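> Combine both chains into one complex, guided by the hints.
The chain contents come next:
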Amino acid sequence: MGLEQKLGNMGIVTTTLDTMVNWGRTRAMWPMLFGLACCAIEMMGSQASNYDLSRFGMELMRPSPRQSDLMIVAGRVSRKMAPVLRRLYDQMPAPKWVVSMGDCASCGGVFNNYAIVQGVDEIVPVDVYVAGCPPRPEALIHGIMTLHEKVKGETIRDWA
Amino acid sequence: MDPALKPAIHALKKQFSAKASEFRGQSSLLLAPEHIVEAFTLLKKEHGFEMLAGMSAVDYWPEREPRFHIIYQFLSLAKNIRLEIRVPLNGDEPELPSVHKVYGVANWYERELWDMFGIRVQDHPDLRRILMPEDWEGHPLRKDYPLDYEEVQFSFNFEEIDLRKPRPKD
Numbered sequence: 318m319g320l321e322q323k324l325g326n327m328g329i330v331t332t333t334l335d336t337m338v339n340w341g342r343t344r345a346m347w348p349m350l351f352g353l354a355c356c357a358i359e360m361m362g363s364q365a366s367n368y369d370l371s372r373f374g375m376e377l378m379r380p381s382p383r384q385s386d387l388m389i390v391a392g393r394v395s396r397k398m399a400p401v402l403r404r405l406y407d408q409m410p411a412p413k414w415v416v417s418m419g420d421c422a423s424c425g426g427v428f429n430n431y432a433i434v435q436g437v438d439e440i441v442p443v444d445v446y447v448a449g450c451p452p453r454p455e456a457l458i459h460g461i462m463t464l465h466e467k468v469k470g471e472t473i474r475d476w477a
Numbered sequence: 002m003d004p005a006l007k008p009a010i011h012a013l014k015k016q017f018s019a020k021a022s023e024f025r026g027q028s029s030l031l032l033a034p035e036h037i038v039e040a041f042t043l044l045k046k047e048h049g050f051e052m053l054a055g056m057s058a059v060d061y062w063p064e065r066e067p068r069f070h071i072i073y074q075f076l077s078l079a080k081n082i083r084l085e086i087r088v089p090l091n092g093d094e095p096e097l098p099s100v101h102k103v104y105g106v107a108n109w110y111e112r113e114l115w116d117m118f119g120i121r122v123q124d125h126p127d128l129r130r131i132l133m134p135e136d137w138e139g140h141p142l143r144k145d146y147p148l149d150y151e152e153v154q155f156s157f158n159f160e161e162i163d164l165r166k167p168r169p170k171d
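Listed in order, the protein sequences are those of chains S and X. Residue numbering for the first sequence follows this note's numbering, starting at 318 and increasing by one per position. Residue numbering for the second sequence follows this note's numbering, starting at 2 and increasing by one per position.
Next up, chain X with everything else stripped away, as it sits in the complex (with noise of 0.2 Å):
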């Protein structure tokens, strides 16, 4: 772990009881959804971590309990250290607060989270589809959503899956 992190993930660990764990040298934190906004204000202004580099979540689906893990990835440009945050998030329809106000990119990796994984987050301003078309149904990164690919045309079922194919009317 480097040094340089310790202030931050100690301070984290006895104000909200992170747990901390460490994976090929980048550490990681675990923390609950209701602290995250006062959390993340905590390292931006004290410990200088200017940057939310990525967000993004993870269906642990039928696997693991919590189901989803929203990953915060921050970066401190001044001191070049990167720290993640894992919130554990479980259910069908889950929600999580909104940290737009801390850090302004977060407005639109939650609306990709909104789209893919049907994470609602409260005080969004602004909470559509942004890859998927806006009528289109479902949440297609979770492990639940069908393939929903196209069966091959081989030259053995060529006829049959010709017949099926949609076609323009003109």
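Only chain S is shown next, with the shape it has when bound in the complex (with noise of 0.2 Å):
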């Protein structure tokens, strides 16, 4: 943004500036539909009407990259699909998060061996773990709020 680097620190100026843009993507944050196995059924849960994730602005999850800024990795990531998932994160547009939900996504849970890539991180850095396999729909719902925090305390001077 160019007004920070003109300005540079003005103190409350860019703090409310932070809190806004960081209210802004925090309360409409799209993330794309990126569920490979089992977790993909407990993150359509938690998108379900039981568990809501469009009360946190998630209405609904974007089958296109392009238009999304989350990215939750919901399942085991194999060899095959690994190049896949890079290039679909490579196509999100910047501020992009990723959630690494699931045992197998954040360090190949269960299954040790030739097939699996052993955690997503090996492929695309991870802004939150949620753990469990699969999760609870609260777990992923406790794995975003955190992401939620995460994002609160970012400031726009490290995007721009």
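Since the hints were derived computationally from the structure, they do not count as laboratory data. These numbers come from a predicted model, not from an experiment. Any given hint might turn out to be false.
[As the list claims (entries may be wrong)] No more than 30 Å apart at the CA atoms, straight line, and that leaves these computed lysine-lysine pairs for DSS-like:
| no. | chain 1 | residue 1 | chain 2 | residue 2 |
| --- | --- | --- | --- | --- |
| 1 | X | K166 | S | K413 |
| 2 | X | K20 | X | K46 |
| 3 | X | K144 | S | K397 |
| 4 | S | K397 | X | K170 |
| 5 | X | K7 | X | K102 |
| 6 | X | K166 | S | K397 |
| 7 | X | K170 | S | K467 |
| 8 | X | K144 | X | K166 |
| 9 | X | K166 | S | K467 |
| 10 | X | K7 | X | K80 |
| 11 | X | K80 | X | K14 |
| 12 | S | K413 | X | K170 |
| 13 | X | K170 | S | K469 |
This is the structure we're talking about:
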């Protein structure tokens, strides 16, 4: 943002700007449909009416990476799928965040072998790891709220 | 043994000198690889085994010679009987005639055999990897394929494994 670079650190003006920008980013973060395996069912469960994700602004999961800013990697990533995952991550416009949902995405889970990527942080930088096999919808929502806390602590000077 | 299976087993024993065996009520026949196309055409046309229900392989290395046993499982929907045929194969790069003209489903099963065991199938229209990525080296379900697992990070070796872990560049 050119305003930042021109005015520099202006104290209260930039803090308010930070707060406003982060408020906008957290209140309407659009996730990308990236349910790969069993965790996708729990992601759908948390999106549906009982544990509602729309109350966090995530009304629907965007199928297109170009229109989303959060990638929830739900499920095990095989070595064949890994380049596809990276390509979709690269197609997302900044600012973007990644939530690694479940044990298989965080660390390979129960699958410690040749075919499964041992943790999706070998491929994309992850912001929040949600543990569980699969994590309950409440756990995923807790992960998303942790991500919101992290985003509130961000300052636009890092992105600019 | 199911009495409805008797004509099929008898015919195969007589014509192709197959060896019959039984395990827990399931009949199995051992057949040489040269005869499989003829034998399966016979099974399909005359004995009513319309369906090739499954095809897989077992690697018995290093305990047994021959090393591979290809297992074909047939199902007759009309008579409700199942028959298994085992084809022993040996060597590091064994070859097997294709049965996809008799049973169309064998097309992808044979691709899986090539991918997972390295069994080259002759006269196959499209022999390429089906489960692993195309540029993968090695055949994973063989017994001499390395286990390729990641070392577990406990608290005592956390830092040293952390240094070796692959990470993305940004």
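> Would you mind marking each hint as holding or not holding in the structure?
Status of each hint after checking the structure:
1. X/K166 to S/K413: Within the cut-off at roughly 23 Å; holds.
2. X/K20 to X/K46: Since the Cα atoms of X/K20 and X/K46 sit roughly 21 Å apart, the hinted pair holds (cutoff 30 Å).
3. X/K144 to S/K397: Given pair X/K144, S/K397 holds - Cα atoms ~22 Å apart, limit 30 Å.
4. S/K397 to X/K170: holds, 20 Å
5. X/K7 to X/K102: holds, 26 Å
6. X/K166 to S/K397: holds, 19 Å
7. X/K170 to S/K467: Between X/K170 and S/K467 the Cα gap is close to 22 Å, so the pair holds against 30 Å.
8. X/K144 to X/K166: holds, 27 Å
9. X/K166 to S/K467: holds, 25 Å
10. X/K7 to X/K80: Roughly 12 Å separates the two Cα atoms, so the pair holds.
11. X/K80 to X/K14: Given pair X/K80, X/K14 holds - Cα atoms ~20 Å apart, limit 30 Å.
12. S/K413 to X/K170: holds, 16 Å
13. X/K170 to S/K469: Distance of about 25 Å is within 30 Å: holds.
Figure legend: structure checked against the earlier numbered hints; every hint is met.
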